[in-house]
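Student: Here are the chains, one letter per residue:
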Amino acid sequence: MTRRSFRVICCSVLGIIFALGLFAGSVTHYPYALQFRELPNAPPSALHWLGTDGLGRDLFTRVVYGTRVSLLLAPAAAMLATIIAAILGGIAGLRGGWLERLILASADLSMSLPLLFVLIALRAFLPLDVSPIVSVVATFVTLGLLGWPSSLRVVCAASRNLRQSDHLLLARANGYSNSQLLFRQVIPTLRPIFLAQFWISIPLFILTEATLSMLGLGVMEPLPSWGNLLRGSEDFSAMSANPWRLSPLFLLLVVVICFQFIFSSSEDLA
Amino acid sequence: MMRRSLQSSVLLLALCFATSSRGQSGAELHFCLHGEPKTFNPILVDDEASENIRYLTGGVLIRVNRQTQALEPGLAESWRVSSDGRKVTFHLRKGIYFSDGASFSSEDVAYTMRLLMDPQTHSATGDAFRSGQGRVDVQTPAPDVAEITFPAPVAGLERLFDQVAILSAKSPKREMSVLGPYYVSEYMAGSFVLLRRNPNYWKHDAQGNLLPYIETIRLDIQRNRDIELMRFRRGELQLINRVDAEQFDQLQKESPAVARNAGTGLDAEEMWFNQAAASALPDYKKKWFQAMEFRRGVSMAINRDDLSRVVFAGYATPAFGPVSPSNHFWFNSSLAAPKHDPQGALLLLSRAGFRLEGGSLKDSTGNRVEFTLVTNSGNTAREKMATMIQQDLSEIGISMKVVTLDFPSLIEKITRTFDYDACLLGLVNTDLDPNGQLTVWLSSGENHQWNPNQKAPATAWEAEIDKLMREQASLANEELRKAKFDRVQQIVAEQQPFIYLVNKNALSAVSSDIVGAAPVALNPQAFWNIETLRLKPSKEIGASK
Numbered sequence: 000m001t002r003r004s005f006r007v008i009c010c011s012v013l014g015i016i017f018a019l020g021l022f023a024g025s026v027t028h029y030p031y032a033l034q035f036r037e038l039p040n041a042p043p044s045a046l047h048w049l050g051t052d053g054l055g056r057d058l059f060t061r062v063v064y065g066t067r068v069s070l071l072l073a074p075a076a077a078m079l080a081t082i083i084a085a086i087l088g089g090i091a092g093l094r095g096g097w098l099e100r101l102i103l104a105s106a107d108l109s110m111s112l113p114l115l116f117v118l119i120a121l122r123a124f125l126p127l128d129v130s131p132i133v134s135v136v137a138t139f140v141t142l143g144l145l146g147w148p149s150s151l152r153v154v155c156a157a158s159r160n161l162r163q164s165d166h167l168l169l170a171r172a173n174g175y176s177n178s179q180l181l182f183r184q185v186i187p188t189l190r191p192i193f194l195a196q197f198w199i200s201i202p203l204f205i206l207t208e209a210t211l212s213m214l215g216l217g218v219m220e221p222l223p224s225w226g227n228l229l230r231g232s233e234d235f236s237a238m239s240a241n242p243w244r245l246s247p248l249f250l251l252l253v254v255v256i257c258f259q260f261i262f263s264s265s266e267d268l269a
Numbered sequence: 000m001m002r003r004s005l006q007s008s009v010l011l012l013a014l015c016f017a018t019s020s021r022g023q024s025g026a027e028l029h030f031c032l033h034g035e036p037k038t039f040n041p042i043l044v045d046d047e048a049s050e051n052i053r054y055l056t057g058g059v060l061i062r063v064n065r066q067t068q069a070l071e072p073g074l075a076e077s078w079r080v081s082s083d084g085r086k087v088t089f090h091l092r093k094g095i096y097f098s099d100g101a102s103f104s105s106e107d108v109a110y111t112m113r114l115l116m117d118p119q120t121h122s123a124t125g126d127a128f129r130s131g132q133g134r135v136d137v138q139t140p141a142p143d144v145a146e147i148t149f150p151a152p153v154a155g156l157e158r159l160f161d162q163v164a165i166l167s168a169k170s171p172k173r174e175m176s177v178l179g180p181y182y183v184s185e186y187m188a189g190s191f192v193l194l195r196r197n198p199n200y201w202k203h204d205a206q207g208n209l210l211p212y213i214e215t216i217r218l219d220i221q222r223n224r225d226i227e228l229m230r231f232r233r234g235e236l237q238l239i240n241r242v243d244a245e246q247f248d249q250l251q252k253e254s255p256a257v258a259r260n261a262g263t264g265l266d267a268e269e270m271w272f273n274q275a276a277a278s279a280l281p282d283y284k285k286k287w288f289q290a291m292e293f294r295r296g297v298s299m300a301i302n303r304d305d306l307s308r309v310v311f312a313g314y315a316t317p318a319f320g321p322v323s324p325s326n327h328f329w330f331n332s333s334l335a336a337p338k339h340d341p342q343g344a345l346l347l348l349s350r351a352g353f354r355l356e357g358g359s360l361k362d363s364t365g366n367r368v369e370f371t372l373v374t375n376s377g378n379t380a381r382e383k384m385a386t387m388i389q390q391d392l393s394e395i396g397i398s399m400k401v402v403t404l405d406f407p408s409l410i411e412k413i414t415r416t417f418d419y420d421a422c423l424l425g426l427v428n429t430d431l432d433p434n435g436q437l438t439v440w441l442s443s444g445e446n447h448q449w450n451p452n453q454k455a456p457a458t459a460w461e462a463e464i465d466k467l468m469r470e471q472a473s474l475a476n477e478e479l480r481k482a483k484f485d486r487v488q489q490i491v492a493e494q495q496p497f498i499y500l501v502n503k504n505a506l507s508a509v510s511s512d513i514v515g516a517a518p519v520a521l522n523p524q525a526f527w528n529i530e531t532l533r534l535k536p537s538k539e540i541g542a543s544k
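Chains as they are written, first to last, in numbering that gives the first Met the number 0: chain A, 0 to 269; chain B, 0 to 544.
Don't read these hints as lab results, they were simulated from the structure.
Don't be surprised by glycine CBs; every beta carbon is placed ideally from N, CA and C.
There could be a bad hint or two in this list.
Label pairs and their calculated CB-CB ranges [what the hints assert, rightly or not]:
(1) 29(A) - 435(B): 25 to 35 Å
(2) 14(A) - 343(B): 44 to 54 Å
(3) 35(A) - 414(B): 37 to 47 Å
(4) 35(A) - 350(B): 29 to 39 Å
(5) 276(B) - 44(A): 49 to 59 Å
(6) 276(B) - 133(A): 24 to 34 Å
(7) 351(B) - 35(A): 27 to 37 Å
(8) 515(B) - 130(A): 50 to 60 Å
Next up, chain A with everything else stripped away, as it sits in the complex (with noise of 0.2 Å):
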């Protein structure tokens, strides 16, 4: 099976997945917050295809609307993150000197403040009663806004080394202009590397998310996301007993695999 094929059937799944989450009322029929009491920890079966969770809650339906939750946002929060480094990175790497040094020791302070203590910080200021959906919003746009130091770094690297490179140089002695330059050659040339940046900072702000939830700044219950369904699969016991709660798991791996398998295949073809 050729690359191309490859990143087509990785494109379908995670076509697949994206419908499923946009189109999850008609997918599944159950609202994602009703408790099925009777049936906690259900096994699959016809009625609940992925079993219920703790609550009695069909996990399919927690999933599909999960999916919605989490593959929006967190490639939003990831896009805005990376947008960030790639402005400042770019512009730290191409121009030197003292610029540099501000950006990355700017980017060092970032990267010193420990991240959960800045949430927590955040969060005593949002008010206490504001809907799931404003907390899902706020969670990942500060996700996105406090994510970008580490993909800065190396988006700076690379523009520092082709600063330095010939074809640049032979481009300005083209007489390119600063904008055609930026156009033509930096961005094209910078371009898997801000992919990159962007597709590993997707499963990385969609753990992130799981791990605020304990803090509450993440996506409040009963709203699922694929953050908060990860949260059962800590209890490592309950996990080996009811293994079905993994799906989410599952599924994260997929579009990580999928994610990866596009991107390393448009690199081939570039």
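Got chain A sorted already, so can you dock chain B onto it with the hints?
Tutor: Chain B only, in chain A's frame:
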């Protein structure tokens, strides 16, 4: 070749003898503490890990039998409380020695009490004895007689001595010299505490054998309950003092013999509404939360049977009120059992002007009834309870949001800023006597969580609770005290300032290697009878290594 074989045989024999002689020296019990002990000084104990070590090492004048809940003589052979409840006279056992060989006398009792009651010591144990202004007088008319006089009557005085481990007035080892069954032999911060049998312990069994039977106890410091359970399954630990319901359910399925359910425990889970005058809540919300019908309506809408069954796998019982039925003496058995009745809840709410409109409950001025329930993050059981309550309340048109906060932020909100609507937390009860809850019930108390630190009681029923609690605290007669506290329980059941949800069962895990274990509801539930526990021979020192 033959010589080498002979040498091997001799070596093998020597090893066998070595193992055997170590085995004869005793046995080692292995279990976990769930945190670092903050102190080994029994006077300063205020955390669970230190409390457990105090129980294992401290000698007390009177011991509360955790099984019968009756008082038993300890270092005091007998005692007498004066009719006014201010003075207690102890007649001490003779010929008793501390673990380091120092002799025990009434001077040690006097030294301990003075230290305990010294305001500079800041002892939580000592605070329980403070009944009025003035100093505590301790007299030692004879080496085996100690008389302690308090400035005012102390209710339930004798029971309080269960927490007072006697210190040596003379020993250079100070608090490390003990009168209990074990002494602290080794401690490695963050890793373990090793206790050894006190060679001078005064108790013997019926056959005259020295107690305790077990030679050493190794207490590993392990916060992670999953790892603790895993080690128990592997046989590295022989006991888990407290197991949560989910873990217990799995153990029960795997090996029913090791999962020990001592029935309803003392601990309760409860929720309450913020009625603090200082809170910045809108007036209409304050009005809801201050309405008895609202609180009772919410209480009736909650399905406690489901909470017990789903969240605690059936190892909990719906809570009646502030006292668990396992507290045999103080529980008011005339209280009605809580019932789940959404229709009754709506009827009650309608009397207070609430009405159901298009699936939403609205108050008399048209405000939609919605509030936020906060609880501490990381506690799965509480998060599940909150989510179930959310669904229960939606059935009567109440919209409830659930917010989990880290513990410091939560404490800040419920004790300082009062920036919250309702809170769900648990009450850990270690004391059977209601005096242990004085700061909860007195309106001036800082733990009077729904409206703490009041200068004067905000409501008539709080004033009545204040009066009853103060009266019972100054009475020596237990029956009269019980009658007063029964009335307090009745008022709390009517007014529901705390909406009690469930009493969790006292669950523990005890390996079949332990002989004589009989877990109970009172802490330390699995090793309360440590003196008479034995380990099967295979668990002797060395054999399990």
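Student: Look at each hint and say if it fits the structure.
Tutor: Here's how the hints hold up against the structure:
no.	hint	verdict
1	29(A) - 435(B): 25 to 35 Å	violated (46 Å)
2	14(A) - 343(B): 44 to 54 Å	holds (51 Å)
3	35(A) - 414(B): 37 to 47 Å	holds (38 Å)
4	35(A) - 350(B): 29 to 39 Å	holds (33 Å)
5	276(B) - 44(A): 49 to 59 Å	holds (53 Å)
6	276(B) - 133(A): 24 to 34 Å	holds (30 Å)
7	351(B) - 35(A): 27 to 37 Å	holds (33 Å)
8	515(B) - 130(A): 50 to 60 Å	holds (56 Å)
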